[in-house]
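Student: The residues making up each chain are set out below.
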Amino acid sequence: MKMTLKSILCACILSTAAIAIPQTFNGGFFGAVGQQFEDFAIAAVAPGAELKGKWVAVAKEDGKLRLALDAVVLGIPASEITAEKTAGGATKFTVTYKAGDDRKRGKAAAPLKTRILGALRAYTGAEAAPGKPVDYKGARFTVAETKGDVSVEITKAP
Amino acid sequence: MSVRRRDFLATLAALAFPLRAAETVPFPAEALTSIALWDDPKFIERWGAFDAKQRIVCRNWQGRCEALGTKAQGASAFFEEGRLRSISILFLDAGAWFGFAQAGASARVPEFLSLHRQTSANVESALTAAGGKLRDVPLGGRQLLKHTGRVARVGDVWARLVVWPEYFVKLSLFRDEDAATQLLAPYRRTQKRDDQVRAFAALVEKSPNGDQILRGIPMLQQGDRAYCGMSALAMTMQHLGLRIETEELAAAAGIRFGSTQEAKTRETYDDAATVGAMRMDRMQKPEWARIRASISAGMPVVVFRRWSQERDFVHTQFARRFAQDPAAVLPRAGMEERKLWPQRGGFAHASIVNGFNAARGEVIFTESWSEQARDRRMRFEELEGTGYMACHPRLP
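Residue numbers (the working numbering), protein chains in the order written: chain A, 1 to 158; chain B, 1 to 396.
Hint data in this document are derived by calculation from the structure and do not stem from the laboratory. Nothing here was measured: the structure is a model prediction, and the numbers come from that model. Honestly, I wouldn't trust all of these hints.
Said to hold, decoys possible - BS3-like cross-link-like pairs, simulated, lysine-lysine; straight-line CA separation at most 30 Å:
1. K104/A to K206/B
2. K137/A to K107/A
3. K147/A to K339/B
4. K339/B to K107/A
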């Protein structure tokens, strides 16, 4: 009887749950550029590198641009991505994850900051923490949290 | 289904799924009639690079594909030990045509059915006009996979047309009549069981770092289709000598018009095993000892598990890092780490476990997405914590 019930439960799970096609590809930015945003950002903070993708100027903030494409960064959809640009190229990218946007995607067992730090560790192989930047392939990743929102700054490593 | 999720699936389809390849090298018409072309290095090259020593390789045509006067969604070639074994031209497939979980699919059904009728009629009449005398051949046993192939010799190539109503139209090409009329590889029909046991076990590669891995599993890409479970099964069964492809399994499972609602996934796994002269043992949880035993016997395991994009990122990045630094280790499965695993209520997914490393406590798994999604690593605790069914094929 117990086995029968287990079998029925298993069948129910399969018939309703096996509906996903998980993939490893991001949305807009990846589709437009053919590169993960984090990989692009590492290359783009080097002197003379060009900005790929569609960027628009931020009003009243000279040299600041906002990415006009959706992007999944460190495996999590970003709420906003901005770039600070000088004549020599991009100097800083700021990826912002808003807690409200994260909540809309469903309940997660771990806080947003923990998940981003975990993803950054997977990406760089180094432990990160707020206030403890990680240098990776010539770029510096700095994670900060403000009222539940989390940002990741990507700059050239010193 | 969020727009964002559909976007990245569509992106995958554009970038990785060959059925919509954009290059302009046309599929040569002579491939349908001339075996000599099959051994032409230039023709082989056009399927993309691969290791000729690999046991079974599946490659997709890199350009646009039209055959018998009908535009096809794509073509795949199967190579065994470096030699072209067969070519499958997929003229129309419901999963690819509808895409994954597209809104308004039901309104498009009449259009698809009309196209299906027209495509099958066009291909069949063109095949007949090319000199093929079609005869019906029963395939796939007696249950879900039961279907009819229309087989004919055209030139010196053997062709098998499968028209699965409401699902797909596919023409497969073979070197000989036996291959065109049988799904089970000759060695599976002729070898004694003990010889097969030894042959499968001999496929396990043992590395100095402790990896035990099955490498020759062909990549049958699911593309932008709700076919992860079916592609994983097709890849596994191809490895085990059953020459079945994703589309036949999806049709058998009843994944209608791209939707897995009410699909007979378990039953299709059982039936594929039966047609492949195997058994399919199902465990309600992945079990470490059982997985190691299966892999050591040369048998891949398909695990259904909860999946999240965030966790997939971690696995993708670790695979990248491990390729550069074999000393890299996954985080231990502590309480905090467990909170990062996909939770209940998320997406479901099927992956092929094709190896393990006992010392590192890792399973090695492959996704039906692309060659780049092979041989990823996960701590066994995570597979155990997120898996809800493991399918173990075995010889009876």
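Student: Are the hints correct? Go through all of them and say.
Tutor: Status of each hint after checking the structure:
1. K104/A to K206/B: 46 Å, violated
2. K137/A to K107/A: Violated. K137/A to K107/A sits at ~33 Å, over the 30 Å cutoff.
3. K147/A to K339/B: 21 Å, holds
4. K339/B to K107/A: Holds - the C-alpha atoms of K107/A and K339/B are around 12 Å apart, at most 30 Å.
In this structure, the hints that do not hold are numbers 1, 2, in rising order.
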